[in-house]
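Construct the entire structure; sequences and hints are all you get.
Just so you know, the protein sequences line up as chains A and B, in that order.
Per this note's numbering, the first sequence starts with residue 1, numbered consecutively.
Per this note's numbering, the second sequence starts with residue 1, numbered consecutively.
Hints were generated in silico from the structure; no laboratory data involved.
Only true hints are included.
Dumping the calculated PhoX-like pairs for lysine-lysine here, alpha-carbon to alpha-carbon at most 25 Å:
#, chain 1, residue 1, chain 2, residue 2
1, B, K107, A, K55
2, B, K107, A, K131
3, A, K179, A, K154
4, A, K137, B, K107
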Amino acid sequence: MSDPVVKAVNASKRYGEVLGLNGFTANFGPGITGLVGPNGAGKSTLFRVVTGQLKLDAGQITILGTDAWNTQWKNRLIGFCPDHPGLYDWMNPEEFVRTLLMIDGFDPDDAERRTRRSLETVEMWEYRDRKIRTFSKGMRQRVKVAQAIAHEPKVLFLDEPLNGMDPVGRVSLLELFSKLASEGRHLIVSSHVLHEVERLTSQIVMISNGRALAEGDLHRIRELLDQYPHTIEIETRILTDHPDVTSIRFPAPDRITVQTSVPDTFYQNLPEVALMEGINIIGVRSLDDSLEAVFRFLSR
Amino acid sequence: MALASPRYALEDETRQGRRDRLWAIFAVNFRLRGTRTLVTVFAVIGFIATFVPLMVTVFTSQLLGGSSSAAMSVFALPYNGFLLFIFIMLLSALAGGGIIADDLGSKSISLYLSRPITLSDYLAAKGAVVAAILGLIAVIPGVVTVMVAFLLGYVSATVAAEAFAVYLGLGILLTVTFSSIALFLSSLTDRSAWAASGIFALLLMDDIVAGIIGGVSNNVYWLYISPWEDMGSIARYLFSVSVTGPSLNPAVAFAVLAGITICLCSATYVRLNRMELVTE
Numbered sequence: 001m002s003d004p005v006v007k008a009v010n011a012s013k014r015y016g017e018v019l020g021l022n023g024f025t026a027n028f029g030p031g032i033t034g035l036v037g038p039n040g041a042g043k044s045t046l047f048r049v050v051t052g053q054l055k056l057d058a059g060q061i062t063i064l065g066t067d068a069w070n071t072q073w074k075n076r077l078i079g080f081c082p083d084h085p086g087l088y089d090w091m092n093p094e095e096f097v098r099t100l101l102m103i104d105g106f107d108p109d110d111a112e113r114r115t116r117r118s119l120e121t122v123e124m125w126e127y128r129d130r131k132i133r134t135f136s137k138g139m140r141q142r143v144k145v146a147q148a149i150a151h152e153p154k155v156l157f158l159d160e161p162l163n164g165m166d167p168v169g170r171v172s173l174l175e176l177f178s179k180l181a182s183e184g185r186h187l188i189v190s191s192h193v194l195h196e197v198e199r200l201t202s203q204i205v206m207i208s209n210g211r212a213l214a215e216g217d218l219h220r221i222r223e224l225l226d227q228y229p230h231t232i233e234i235e236t237r238i239l240t241d242h243p244d245v246t247s248i249r250f251p252a253p254d255r256i257t258v259q260t261s262v263p264d265t266f267y268q269n270l271p272e273v274a275l276m277e278g279i280n281i282i283g284v285r286s287l288d289d290s291l292e293a294v295f296r297f298l299s300r
Numbered sequence: 001m002a003l004a005s006p007r008y009a010l011e012d013e014t015r016q017g018r019r020d021r022l023w024a025i026f027a028v029n030f031r032l033r034g035t036r037t038l039v040t041v042f043a044v045i046g047f048i049a050t051f052v053p054l055m056v057t058v059f060t061s062q063l064l065g066g067s068s069s070a071a072m073s074v075f076a077l078p079y080n081g082f083l084l085f086i087f088i089m090l091l092s093a094l095a096g097g098g099i100i101a102d103d104l105g106s107k108s109i110s111l112y113l114s115r116p117i118t119l120s121d122y123l124a125a126k127g128a129v130v131a132a133i134l135g136l137i138a139v140i141p142g143v144v145t146v147m148v149a150f151l152l153g154y155v156s157a158t159v160a161a162e163a164f165a166v167y168l169g170l171g172i173l174l175t176v177t178f179s180s181i182a183l184f185l186s187s188l189t190d191r192s193a194w195a196a197s198g199i200f201a202l203l204l205m206d207d208i209v210a211g212i213i214g215g216v217s218n219n220v221y222w223l224y225i226s227p228w229e230d231m232g233s234i235a236r237y238l239f240s241v242s243v244t245g246p247s248l249n250p251a252v253a254f255a256v257l258a259g260i261t262i263c264l265c266s267a268t269y270v271r272l273n274r275m276e277l278v279t280e
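Laid out in structure tokens, this is it:
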């Protein structure tokens, strides 16, 4: 078995009275590893620790064999796509990615070349002159991914990278992540949606309340999931044109919530159905009740 | 517990040094802060408000002094009044308020710190941005006046060289001190408007309170708590301005300013190093 790329042993991080990480022990990589957990589970805390932005109170986390804290040089080897906006809205994506590359230490010409390549990779080059503030959430996500991959890091930390993406965008980003892994890069992808991660990898770490609840093959854990109905929210404007929309007791006029016991099939068929029926889907997200249920189950 | 993981060598690729990386942070932030309308307006007005009276004073002094060159003391003008201080306060607040607060608010600070830079690098580059903007009115008008006065023959080469050096030294001291104040207050909040208000209010109230207590108690030492009074004291000493009555000791004033700067820079570092940059 190959050595892990990121290794955490009894890692604890406290925010005042709240525990961000609570004796977290897990191995990540090589290849793609999914970090799955509900909101507030400690995923972002873990990412900030491995990128050297937070210091652990106890325990140890190493990345590429080096302690995560106080070794800024190692950041040359990693790419980080945060879950929050974190973008300079007044810039266009070309300026934004190029600036971060120059902070990485690339000379202007090299930064220019890499900027173009990374924006082309995430299909944002054609929007290079538009201010980021005019972008949709999905476009912003792509810019964040572009800055994370532009310096060709060995390890990529992607915090909820598919959040807010439209179905087509999701597919293209998932393909990109698979391609990056096939090039020998290591990806740690966090999500609160197990089914997203499932399309990327079978290796997952489940985290809840700052603790690793399960680690290993996804399919064994996934069997637990099938015992619970899966709830998915679809954001679409199709119902706004419908004369009866105001009488529908859905969460919002432009939202439908569906339940399915076959989420895999549903996700697989959704783009085709939308295309055939001419439904304009703006976003899809798992409401993740089932995942919470599994976490509760695992926590017991 | 000791960990054993694979060790990866850093690839031998060409990357620029620390100075270039800091410059990249400086450049993007200077562009953001320095091109804001209010900053530009106050920088221009501040420049004119400092340069014109100083030039007039130097010209008048030379005129009244006959053929002899203007004395060194005339160059102390910007530090003898409050006009420059007002613009320093305004620019400190406008340029410095969001210098860290905006990054905390948008959480873009985590994008900086996930790069191969240290927190010290980040703070140094951010501080340099505020200092450079303050320098537009704290250094440039003075040195330009000296050069113009010298070229017009209003001052001798010796006086010009001395005045030039003093303006440069005072400018560095002023910009570093006021930048450290702005950095610290900006690191306390993620709202730039609050930080800007705090910077302006603190500097203004500090000077007013020092003046009132100093006046009421008839104790000049209270003025040490005002950075502007400290700057004035040092400037008067360096420009050889004769002072009647009790006044601040320039060496002590310098020590106070250096102490403020060191304490606030350290406090900002500790604050950002310990704070949870992002909460979930």
